[in-house]
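Participant: From the two separate chains plus the hints, produce the assembled complex.
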Amino acid sequence: MSEAIANQEGFDAQQSGRLALFKEFWSYFSENRGAVIGMIFFFCVVLVAIFANFIAPHSATEQFRDAFLQPPFWQVGGEWRFPLGTDAVGRDVLSRLIYGSRYSLFIGCIVVSVSLVFGVVLGLCAGFFRGKVDIVIMRVMDVVLAFPSLLLALVLVAILGPSLINAMIAIAIVQQPHYVRLTRAAVLGETTKDYVTAARGIGVGKLRLMFVTILPNCMAPLIVQAALSFSSAILDAAALGFLGMGAQPPTPEWGTMLAEAREFILRAWWVVTFPGVAILTTVLAINLMGDGLRDALDPKLKRS
Amino acid sequence: MKPEVVLEAEKLTRHYPVSHSLFKSPSLVKALDGVSFTLKRGRTFAVVGESGCGKSTLARLITLIEQPTSGMLKINGIDLSNSEGKDLQEWYARVQIIFQDPYGSLNPRQKVGLALEEPLLVNTSQSKSERQQAARKMLSMVGLRPEHYERYPHMFSGGQRQRIAVARALMLEPEILVLDEPVSALDVSIQAQILNLLTEIQDRLNLAYLFISHDLSVVHHIADEVMVMYLGVPVEFASRDTIFAKPMHPYTQALLSATPVADPFKEKNRIILRGELPSPMNPPSGCTFHPRCPQAIDICSHTVPEIRKIGASKVACHVV
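Protein chains in written order, with the numbering used here: chain F, 1 to 304; chain S, 1 to 320.
If we strip away everything but chain S, and leave its shape as in the complex, we get (with noise of 0.2 Å):
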């Protein structure tokens, strides 16, 4: 049986104005130029980049925080890119985000029990033993105890935190779960004990995740197929075996290799990007990567390359 696709984004833009004088016109950050992609229900789909790469855009674009600039954004097969306000209330519902640091994402004056409510009273019309009930069930469900109902967020461990943020996002019963780094802020132990706990929900509820990462190791673990992002712009995807095994942009491939391996006696083969990531407000031409890559040629400095099918995987690159 094939997965069923809950979310199509297709050539998704946020551009940002910046403003730097008054006199000047205002000049465009492009934190997302033109991505596209879809999410199925039950599977992990993992967005993979350095700092700046534009993958919390994403998120917030996803979760309906904010609106794109362009392009179009389908949820259920609903076009939700240029609705507004009321009518993506229900929508909310459907998605929902995780953050990466689990001491901000939290209301510190707000009990855990009534976080965990909150969702449920502005969405729903359930009495308060309803709710109640939902929340003690949901605390048993990511493995904490009924008695934290009571408890401030500034009670708990990092670990606990990020379960008490799994379980609020998961109150709603949604549809797609944007993680967006949910482990990199946490210690390497409990960063295993969240990740199947994640996993085990997934198993259970038969959520779409969008996995949001910098830490290659952890979308190993935990992707089934993977998007490479650079300065706004998806550069490669494929399944996760295939990008692990054989990646084909330039980028990708410095990006494995800078990956540390617990493997004293493996034969390291490093690839150092020269340069900084550049300013998404001025973009090189061309190939964006083009000034930082080891395999440039002339045509990358001045053509932009599509993506192409090579094998297994899709890649945006001219000389691959």
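Just chain F, same shape as in the assembly (with noise of 0.2 Å):
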């Protein structure tokens, strides 16, 4: 009896513990009115890819053949069926902004978590072991980023063949090495602390060492790094979408869209202006709200 009293007030202390972290974190970030608009767009971009089948009022690839390229609603010739007009195949382009926010959203998290995954576990390596695991890790990184990003993501497309999965591998690789170095830095910053010397002392193996007592005190900056290059992989993915390297049509890609509608730029303005806008839209939000992570969990930008 009286050990459940302990487990219960045990618990509670945790749940305050918990509590008050989110509420600091909650305070700092909640000062910076950018980030709250960015991640309040971030979230609704969230739920209409969720809810994409309810929203769309069409189908994202039926094409309509009694209305090539109409134009909005608001414009003469336009009409209520399609509010953000029909491309040059009778698609209701709205249909298609809402379908194509899954795609990014998907290529945000399969990039992000890959180059996460792997970076860090290369960046904890180099950091650890440090001698010659660190000098190959490292150089290997360095050459990775002495390419301009998007040549290399090109590069590497051309060889794994224009898809929009091989588009997402190729991204994640370009991604990675920052991820490998914020975990290094990181790493290095806190194997040298005491509490690393006291489990050693106590016998912790190394496996243990590096992600259990390691790890976890290295993740602020790799959360806001992961942030922010979310938005960095859906601009890239649009850029080889737009190329002709990423999303291969009919998909509804965002990048794609743009790239399909290049030559009606003249005539239909909105069939090019709608996708941009969903791109430039997102990227912000999610930007935005990057930057105040970044603020709300960097102790050194902290007031004590």
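Just so you know, the hints here were simulated from the structure itself, not pulled from any lab data.
A couple of the hints might just be wrong.
Here are the simulated BS3-like pairs of lysine-lysine, each with C-alpha atoms no more than 30 Å apart in a straight line [as the list claims (entries may be wrong)]: (1) Lys193/F to Lys74/S; (2) Lys314/S to Lys193/F; (3) Lys206/F to Lys314/S; (4) Lys266/S to Lys314/S; (5) Lys111/S to Lys23/F; (6) Lys193/F to Lys246/S; (7) Lys74/S to Lys206/F; (8) Lys193/F to Lys137/S; (9) Lys11/S to Lys193/F; (10) Lys206/F to Lys137/S; (11) Lys111/S to Lys206/F.
None of these values were measured; they are calculated from a predicted model.
Facilitator: Quick look at the structure:
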């Protein structure tokens, strides 16, 4: 009975600890209005992506033969059936944008998680083992960083063959060095601290030391980098799509939509503008949110 | 009954290579240059010296975190100076360390309870409930409450953190506890509490302490024997009472005269050392202390003094 009470108390302390941490985080985060707006917009995009089936008025690939290049509803010739108009083969632009948000978030998530996992493991090894392992890993990363990122991604896609999956692999490879460097720097800072020495003295093995003792203390900069590179992944994927190396038509990916509509830029502005605006606002929102995260999580920027 | 010897160190040496440029051969930092002593069960052996004299290097060698460059380290009669990795695993448990800074020595992302259980998790095959029970018992032993089990280190004060560090070090039932300036980062009132806790634990568990400090009043409070170090070498050994009553080596005398005494009427006779601690990369010839020694004579600059027994102390000096 007394143990149950002790457990209960412990549970409360743990909860209040987490809650206090979150409250502190939120008080820093909410000070930055841009970050809050960015977050709200980002959550809207997530909701749209999840409920695309219910929100979108039409299918993303259905062609309406009676409405090629129809302008948005507020222009002469537009109608409410297609609020943002239709493209050259009669597909509803709004529906394609809504379905496209799924691709963008999907690309962001996959690219960030792949490059995060590999980057963290490599950076952890480099920072923890030092010596030759460090030199080899970091020089390889320097080589990857020496190429202009989009160019390298293009070369990789050219080798692997153009498709959405290959584009994501290429972007993940291009982004990985940033994670490796960040992780290594954080690990170097943590490894010399007394709690790591104490853990060694207890006899904690290398793997546990790396992943259980050191890694959780290096997460703050990585979370920020993940948030910021989410947007650059979307941007890069759109760029690859625009160059015809990413998602292939008729996938309603935003970059690919831009590429398809390029030739109509003078005749039908809406076909080009709306995917571009979608990319712009999403990337901007994520960047604002990432900036806010950095301010809230970086102890050096905190006022005590 | 004579106290049992648990640790024997003989001519322990640790050199660090330092390379300044690509083309020059690396020079050596002689952090520790031949230190011999023994630790006995239930006794406290204090190591005193100014910053950079090799105290913390000694702590790292004794706790097996680093390997000595040469020399012998025997625990319970078994030489460990050349064993590596797996052979050392069981010895990690025998020697534990408590660090100076209680803010850096606890993992900020680890709950106190888990920090206490970790030694058991990696070294024994106890079940989760056994580990929890042991951790809770240890918490009460170091004067913390059971509800502290689920808290994170940032929710504690410096003194409480140091108690947690003591508790963690005791989880594996060590025989030797290395205390690397365990109280110098704490307030004076808290210092006394922690020192009393350490003394009480020593009495109860019959531990051998290696107490590293630069605070002589703390050493006077807790030590049985004292070793004074200068630039990686011991210059004087004596029991606590002998060294405080009758310091032999000029360096020990200077060190003791620098200790503040809370008595305004006591006559102060401070010996002020000239100069700085020389670089251990390029130590002076002969007795390393001679450039700063007020009593230096000719022989000091070219012959290294051996440790000799003089009265109740052992001193490395040509003059005494």
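Participant: Between lysine 266/S and lysine 314/S, is the straight-line Cα distance small enough, at 30 Å or below?
Facilitator: The given pair, whose Cα atoms are some 29 Å apart, holds under the 30 Å limit.
Participant: Is the straight-line distance between the alpha-carbon of lysine 193/F and that of lysine 137/S 30 Å or less?
Facilitator: holds, 28 Å
Participant: Is the straight-line distance between the alpha-carbon of lysine 206/F and that of lysine 137/S 30 Å or less?
Facilitator: Given pair lysine 206/F, lysine 137/S holds - Cα atoms ~29 Å apart, limit 30 Å.
Participant: For lysine 193/F and lysine 74/S, compute the direct alpha-carbon distance and say whether it is at most 30 Å.
Facilitator: holds, 28 Å
Participant: Check whether the Cα positions of lysine 314/S and lysine 193/F lie no farther apart than 30 Å.
Facilitator: violated, 36 Å
Participant: Is lysine 74/S within 30 Å of lysine 206/F, Cα to Cα?
Facilitator: holds, 25 Å
Participant: Within 30 Å, alpha carbon to alpha carbon, are lysine 193/F and lysine 246/S?
Facilitator: violated, 39 Å
Participant: Lysine 111/S and lysine 23/F: Cα distance at most 30 Å?
Facilitator: holds, 19 Å
Participant: Between lysine 11/S and lysine 193/F, is the straight-line Cα distance small enough, at 30 Å or below?
Facilitator: Cα-Cα ~29 Å, so holds.
Participant: When you check the alpha-carbon spacing of lysine 206/F and lysine 314/S, does it fall within 30 Å?
Facilitator: violated, 42 Å
Participant: Would you check the hint for lysine 111/S and lysine 206/F, treating anything up to 30 Å between C-alpha atoms as holding?
Facilitator: Given pair lysine 111/S, lysine 206/F holds - Cα atoms ~20 Å apart, limit 30 Å.
Violated hints, listed in ascending order, are 2, 3 and 6; each of the other numbered hints is respected by the structure.
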